[in-house]
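Colleague: Sequence:
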Amino acid sequence: QYEFSDANLAALNKQAASLASAWCRAPLVYGGGYRGWLTLNSLETGKRLFRTEGNQHGASNYIQWRTGMSAHDGYPGFRTDQLLPVSKAISFANVALVHVGTNDLIQEQLPSVTTGNTPAVAFANLKAIVENLLNANAELQVIVAQIIPTTPTKTVKDKKGKVLWPPTGYDSAAINQLI
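Here the sequence shown stands for residues 10 to 188, numbered as in our numbering.
Please note: incorrect hints may appear among the correct ones.
As the list claims (entries may be wrong) - Within a straight-line C-alpha distance of at most 16 Å, the following computed EDC-like cross-link-like pairs (lysine to aspartate or glutamate) qualify:
{"no.": "1", "residue 1": "97", "residue 2": "148"}
{"no.": "2", "residue 1": "163", "residue 2": "148"}
{"no.": "3", "residue 1": "97", "residue 2": "82"}
{"no.": "4", "residue 1": "97", "residue 2": "140"}
{"no.": "5", "residue 1": "136", "residue 2": "90"}
{"no.": "6", "residue 1": "97", "residue 2": "62"}
What the hints assert, rightly or not - Using C-beta positions, here's what the derived DEER-type ranges look like:
{"no.": "7", "residue 1": "62", "residue 2": "155", "range": "40 to 50 Å"}
{"no.": "8", "residue 1": "170", "residue 2": "147", "range": "46 to 56 Å"}
{"no.": "9", "residue 1": "63", "residue 2": "147", "range": "13 to 23 Å"}
{"no.": "10", "residue 1": "129", "residue 2": "84", "range": "18 to 28 Å"}
{"no.": "11", "residue 1": "68", "residue 2": "93", "range": "21 to 31 Å"}
{"no.": "12", "residue 1": "183", "residue 2": "104", "range": "43 to 53 Å"}
{"no.": "13", "residue 1": "187", "residue 2": "87", "range": "28 to 38 Å"}
{"no.": "14", "residue 1": "54", "residue 2": "187", "range": "37 to 47 Å"}
{"no.": "15", "residue 1": "169", "residue 2": "95", "range": "26 to 36 Å"}
{"no.": "16", "residue 1": "147", "residue 2": "75", "range": "19 to 29 Å"}
{"no.": "17", "residue 1": "75", "residue 2": "164", "range": "35 to 45 Å"}
{"no.": "18", "residue 1": "187", "residue 2": "148", "range": "32 to 42 Å"}
{"no.": "19", "residue 1": "98", "residue 2": "76", "range": "34 to 44 Å"}
{"no.": "20", "residue 1": "158", "residue 2": "91", "range": "21 to 31 Å"}
Hints were generated in silico from the structure; no laboratory data involved.
Beta carbons: idealized from backbone N, C-alpha and C, even for Gly.
Let the hints inform the model, and build the full structure from the sequences given.
Modeller: Shown next, in the form of structure tokens:
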């Protein structure tokens, strides 16, 4: 039975920072997120450095589909409380990159949403997610990414002029104070 400790957090953050600086660049114009860069870098080196695993294939680019690296378990928009059940699934992965918490902070500060996911609750959920992942696969190496600060955003409207983003009450400065 694995129990997450605060002492592990510094080592996990160091691993995540190293991974990000080595593999991540500006977004690919054809999508795929950080997984797109991992795939591209693998192909550039002539070695298949990783394989993705998961129950989803959305937001993958054509290179990921052609190389069989489109599977993932990314859940855009999900909060930590919504990911708790997902984290209990059996996994055969060697490494899991866990990047959660931003949606908790964004959604909690909106007047139209009441999640109860304060930073303390989100952190408790993160600890439970890591414990669940390791209890499902003791060999798994978990890398926990830090919450990325949000930035002021342009207003996005649909064709009829309805504001799609940001939602009413969105305040990037208030969110960043919680990080």
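Colleague: All the hints need checking, so say for each whether the structure fits it.
Modeller: Hint-by-hint comparison with the structure:
no. : hint                    : result
1   : 97 <-> 148              : holds, 15 Å
2   : 163 <-> 148             : violated, 43 Å
3   : 97 <-> 82               : holds, 12 Å
4   : 97 <-> 140              : holds, 9 Å
5   : 136 <-> 90              : holds, 11 Å
6   : 97 <-> 62               : holds, 15 Å
7   : 62 <-> 155: 40 to 50 Å  : violated, 23 Å
8   : 170 <-> 147: 46 to 56 Å : holds, 53 Å
9   : 63 <-> 147: 13 to 23 Å  : holds, 19 Å
10  : 129 <-> 84: 18 to 28 Å  : holds, 22 Å
11  : 68 <-> 93: 21 to 31 Å   : holds, 22 Å
12  : 183 <-> 104: 43 to 53 Å : violated, 34 Å
13  : 187 <-> 87: 28 to 38 Å  : violated, 18 Å
14  : 54 <-> 187: 37 to 47 Å  : holds, 38 Å
15  : 169 <-> 95: 26 to 36 Å  : holds, 35 Å
16  : 147 <-> 75: 19 to 29 Å  : violated, 33 Å
17  : 75 <-> 164: 35 to 45 Å  : holds, 37 Å
18  : 187 <-> 148: 32 to 42 Å : holds, 34 Å
19  : 98 <-> 76: 34 to 44 Å   : violated, 24 Å
20  : 158 <-> 91: 21 to 31 Å  : holds, 22 Å
Hint check: violations occur at hints 2, 7, 12, 13, 16 and 19; the rest are consistent with the structure.
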